[in-house]
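Student: Using the hints, position chain B against chain A.
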Amino acid sequence: MTTHTAAQAATQTAQQPVIAATNLTKTYQGSVRALDELTVAVPTGITALVGANGAGKSTLIKILLGLLPATSGAATVLGFDCASQGSSIRTHTGYMPEHDCLPPDVTATEFVTHLGRMSGLPATAAKERAADSLRHVGLYEERYRQIGTYSTGMKQRVKLAQALVGDPQLLLLDEPTNGLDPAGRSAMLDLIARIGTEFGLSILVASHLLGEIEQIGDHLVALDGGRLLRADTISSFTKASEFLLIEVDEGSDLLAAELTSRGLKPVGYQRGLLVQMDGESSFDVVRDAIADLGLPLNRLEQRRHRLEELFSDTGSEAVAYEAKATEAKGAGDVR
Amino acid sequence: MSADNAGVIHDIGYRAYEGSRLGRAQIVRALTWHSLRSAFGFGRGAKAKIVPVLTFVAICLPAIVSAVAVALNSQHIRPISYDVYLPQLRIFVLIVFMAAQAPDLVSRDLRSHCLPLYFARPIERIDYPVAKLIAFFTALLVMIEVPLLLLYVGTATQLHTGSQVWHETKALIPGLLLGVAWAALLCGLGLLFASFSGRRAYATGAVAIFFILSLTLATVLTGIGQGPGGGTGLAKLAGLISPFTVLDGARQWLGGTTHGIVPNPGGYGGLYGLMFLVFLAVGIGGLIFRYRKVGVA
Numbered sequence: 001m002t003t004h005t006a007a008q009a010a011t012q013t014a015q016q017p018v019i020a021a022t023n024l025t026k027t028y029q030g031s032v033r034a035l036d037e038l039t040v041a042v043p044t045g046i047t048a049l050v051g052a053n054g055a056g057k058s059t060l061i062k063i064l065l066g067l068l069p070a071t072s073g074a075a076t077v078l079g080f081d082c083a084s085q086g087s088s089i090r091t092h093t094g095y096m097p098e099h100d101c102l103p104p105d106v107t108a109t110e111f112v113t114h115l116g117r118m119s120g121l122p123a124t125a126a127k128e129r130a131a132d133s134l135r136h137v138g139l140y141e142e143r144y145r146q147i148g149t150y151s152t153g154m155k156q157r158v159k160l161a162q163a164l165v166g167d168p169q170l171l172l173l174d175e176p177t178n179g180l181d182p183a184g185r186s187a188m189l190d191l192i193a194r195i196g197t198e199f200g201l202s203i204l205v206a207s208h209l210l211g212e213i214e215q216i217g218d219h220l221v222a223l224d225g226g227r228l229l230r231a232d233t234i235s236s237f238t239k240a241s242e243f244l245l246i247e248v249d250e251g252s253d254l255l256a257a258e259l260t261s262r263g264l265k266p267v268g269y270q271r272g273l274l275v276q277m278d279g280e281s282s283f284d285v286v287r288d289a290i291a292d293l294g295l296p297l298n299r300l301e302q303r304r305h306r307l308e309e310l311f312s313d314t315g316s317e318a319v320a321y322e323a324k325a326t327e328a329k330g331a332g333d334v335r
Numbered sequence: 001m002s003a004d005n006a007g008v009i010h011d012i013g014y015r016a017y018e019g020s021r022l023g024r025a026q027i028v029r030a031l032t033w034h035s036l037r038s039a040f041g042f043g044r045g046a047k048a049k050i051v052p053v054l055t056f057v058a059i060c061l062p063a064i065v066s067a068v069a070v071a072l073n074s075q076h077i078r079p080i081s082y083d084v085y086l087p088q089l090r091i092f093v094l095i096v097f098m099a100a101q102a103p104d105l106v107s108r109d110l111r112s113h114c115l116p117l118y119f120a121r122p123i124e125r126i127d128y129p130v131a132k133l134i135a136f137f138t139a140l141l142v143m144i145e146v147p148l149l150l151l152y153v154g155t156a157t158q159l160h161t162g163s164q165v166w167h168e169t170k171a172l173i174p175g176l177l178l179g180v181a182w183a184a185l186l187c188g189l190g191l192l193f194a195s196f197s198g199r200r201a202y203a204t205g206a207v208a209i210f211f212i213l214s215l216t217l218a219t220v221l222t223g224i225g226q227g228p229g230g231g232t233g234l235a236k237l238a239g240l241i242s243p244f245t246v247l248d249g250a251r252q253w254l255g256g257t258t259h260g261i262v263p264n265p266g267g268y269g270g271l272y273g274l275m276f277l278v279f280l281a282v283g284i285g286g287l288i289f290r291y292r293k294v295g296v297a
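Just so you know, the protein sequences line up as chains A and B, in that order. For what it's worth, the numbering used here labels the leading residue of the first sequence as 1, then goes sequentially. For what it's worth, the numbering used here labels the leading residue of the second sequence as 1, then goes sequentially.
Where hints are given, some of them may not hold.
Each computed DSSO-like pair below joins lysine-lysine, with the alpha-carbon atoms no more than 27 Å apart [unchecked claim]:
| id | chain 1 | residue 1 | chain 2 | residue 2 |
| --- | --- | --- | --- | --- |
| 1 | B | Lys47 | A | Lys155 |
| 2 | B | Lys49 | A | Lys127 |
| 3 | A | Lys127 | B | Lys47 |
| 4 | A | Lys155 | A | Lys127 |
A few chain A residues facing chain B, derived, Cβ under 7 Å [claimed, not checked]:
| id | residue |
| --- | --- |
| 5 | Leu65 |
| 6 | Arg90 |
| 7 | Thr91 |
| 8 | Pro97 |
| 9 | Cys101 |
| 10 | Pro103 |
| 11 | Arg117 |
| 12 | Met118 |
| 13 | Ser119 |
| 14 | Gly120 |
| 15 | Ala125 |
| 16 | Tyr150 |
| 17 | Met154 |
| 18 | Asp167 |
| 19 | Gln169 |
| 20 | Phe199 |
What the simulated footprint calls covered on chain B by chain A, stretch by stretch (three residues with Cβ under 8 Å from a Cβ of chain A suffice, anywhere in the stretch; the number is not a length) [claimed, not checked]:
| id | segment |
| --- | --- |
| 21 | 29-40 |
| 22 | 106-118 |
| 23 | 122-134 |
If you're looking for bench data, these hints aren't it; they were derived computationally from the structure. A virtual CB, placed ideally from N, CA and C, is assigned to each residue, including glycine.
Just chain A, with the same shape it has in the complex (with noise of 0.2 Å):
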């Protein structure tokens, strides 16, 4: 029942999408394919863009900035285009840059103080929203000595600052958590979750660490190797299914097998098997079927099907993966 109201909310908020992208595609030198024909609708909220490292995330930020022309396809940031009306989407847009982007030798008041000049602020104006982004961020004293002297944790929250102080609707960050400790990454996160929530800011997050983006996000966008893997509501990606991971010693198949002919439908993975589960029953059924094959049990392990296996180790494995684990789904519900 969740579900079915998350979804029904993703289709109305869908109907004016933050972001929209129509067979974007972004080739670099003519060959390396960035981004794929992707078609995608991003709604308000806080959305998680997820993908291994060259996946076509950063690429994906430039366009919808306006700063890298795509090779074919359209798309809209709050209702401009992105190919015609990169500044007007850049004044109500603020971005976090991935990588280190900041002056040592100025204090971090000065600098976005700057860059909130720089954003189409008037002078007055730029020195409060400067204040103010840094302590909504959660520098209070330090904002005014010299941004060389902080650790990586206040640096990434003045990337964040210099991002808010323009006044943005949307926010687009892109690894915001890169280089911060697991305390320094839990602050970030709920830092961007209440800049989410109660600032109402929409924000894409980009991210390759799926497991920390689950935590804020609302909507997620899946992309692999420049093509759109999947786009939903969280909720979806990770309440879909529950699986159960079987690892027996030996004779993986003759458990296959039999497991098949009780009516589930085992799918390898790793070292083991991974079987759907339907309700409480299933225990009992693979319970019996181990039992009266006498195979040494190695391991049983209830299991969500988390995010991170959209894409396990290797990009092709986990597509692979993602589409047998599907099917096996898909075989259950019609069962």
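Tutor: Showing chain B alone in chain A's frame:
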């Protein structure tokens, strides 16, 4: 989560900006002003002001000394000309100023990789180099014209008749116009060489080496040309190598009679005019091209 609350701003201290926003031209003006301040070390520590202040004092001092000389001299004759000022001192001071300050305008932003932050804002790619060019042009104008104005004020206030003052003003105007040409030529080249590297030392080195080497080469070749073995053509053409000698050659081509740093190019004068335009285009066009190429991330 937030999908339901989108657009609702809760009262936790976040204030949206309701006021008017500056247009592109005003943002460029703000960037220009910011860059001009940084050309003289304003907005930064005391250390950043050492070179600009020293060079400014060095180039203004002769004008003040001249004013004293004019006062003591019964004929009120000005010892320094407006159109070349003190060529060796001016060239030396400007090379030091450019080598020290041009990197402050361009290579700092390259070093800290903050260009994507500018380009992600409502200005266009070309606006950044244009703002830097205007700022550095203005900074060089201050370095070149302020001494001339001091020289003028120091002289003119001691003159008695209106016609003398008018004569003095007429002498000043070509000097000021030449100063504009100097600033225009040097701002592009100075920033272009400074933008080669994000490392300040390299950027400073690139600026200094280009200007010193080309000037040395031009001077040496001119010397050889004027020597017993050299043809007069060499003496008149060698000046085309360096921006400073090109400026001086073009000045003489346009009718300047004061003795400068190169011999009068005579029939080759047009080449100096042409070379001036080439240096101007290379400096300004090169810098703009440089920033078309710079990566956004």
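Student: Decide, hint by hint, whether the structure agrees.
Tutor: Each hint tested on the structure:
1. Under the criterion of a C-alpha separation no larger than 27 Å, the hint pairing Lys47 of chain B with Lys155 of chain A is consistent with the structure, at around 25 Å.
2. About 24 Å separates the Cα atoms of Lys49 of chain B and Lys127 of chain A, which keeps this hinted pair within 27 Å; it holds.
3. Taken as a hint, the Lys127 of chain A and Lys47 of chain B pair is honoured in the structure, with Cα atoms around 25 Å apart against an allowance of 27 Å.
4. Our distance criterion of 27 Å between C-alpha atoms is met by Lys155 of chain A and Lys127 of chain A, whose separation comes to about 19 Å.
5. For the restraint placing Leu65 of chain A at the interface with chain B, the shortest Cβ-Cβ distance is roughly 5 Å, inside the 7 Å limit, so the hint holds.
6. Against a cut-off of 7 Å between C-beta atoms, the interface hint on Arg90 of chain A holds, since the closest Cβ of chain B lies about 5 Å away.
7. Satisfaction of the interface hint for Thr91 of chain A is found here, the shortest Cβ-Cβ separation to chain B being roughly 4 Å, below the 7 Å cut-off.
8. Taking 7 Å as the C-beta contact cut-off toward chain B, the hint placing Pro97 of chain A at the interface holds, the least distance being around 5 Å.
9. With a cut of 7 Å, the hint placing Cys101 of chain A at the interface with chain B holds, because the nearest CB-to-CB distance is about 5 Å.
10. Taking 7 Å as the C-beta contact cut-off toward chain B, the hint placing Pro103 of chain A at the interface holds, the least distance being around 4 Å.
11. Against a cut-off of 7 Å between C-beta atoms, the interface hint on Arg117 of chain A holds, since the closest Cβ of chain B lies about 5 Å away.
12. Here the hint on Met118 of chain A is kept, as its CB sits about 5 Å from the closest CB of chain B, short of 7 Å.
13. Proximity of Ser119 of chain A to chain B holds as hinted, the smallest CB-CB distance being about 5 Å (cut-off 7 Å).
14. At about 4 Å, the closest approach between the beta carbon of Gly120 of chain A and any beta carbon in chain B falls short of 7 Å, and the interface hint on this residue holds.
15. Because the smallest distance between the Cβ of Ala125 of chain A and any Cβ of chain B comes to about 6 Å, under 7 Å, the interface hint for this residue holds.
16. Proximity of Tyr150 of chain A to chain B is violated relative to the hint, the smallest CB-CB distance being about 13 Å (cut-off 7 Å).
17. Because the closest C-beta pair between Met154 of chain A and chain B is about 16 Å apart, greater than 7 Å, the hint is violated.
18. A hinted interface residue such as Asp167 of chain A counts as satisfied when its beta carbon comes closer than 7 Å to some beta carbon of chain B; here the least separation is about 4 Å, so the hint holds.
19. Hint on Gln169 of chain A is violated. Least Cβ distance to chain B is approximately 9 Å, over the 7 Å limit.
20. Interface hint status for Phe199 of chain A: upheld, as the beta-carbon distance to the closest one in chain B is roughly 5 Å, under 7 Å.
21. Coverage of the segment 29-40 of chain B by chain A holds in this model, with 3 residues showing a Cβ closer than 8 Å to a Cβ of that chain against a need of three.
22. Counting residues of the segment 106-118 of chain B whose C-beta sits closer than 8 Å to any C-beta of chain A gives 9, which meets the bar of three, so the coverage hint holds.
23. Note: the segment 122-134 of chain B has 3 residues with beta-carbon separation from chain A under 8 Å; the three-residue rule is met and the coverage holds.
The structure fails hints 16, 17, 19 (numbered hints given earlier, in ascending order).
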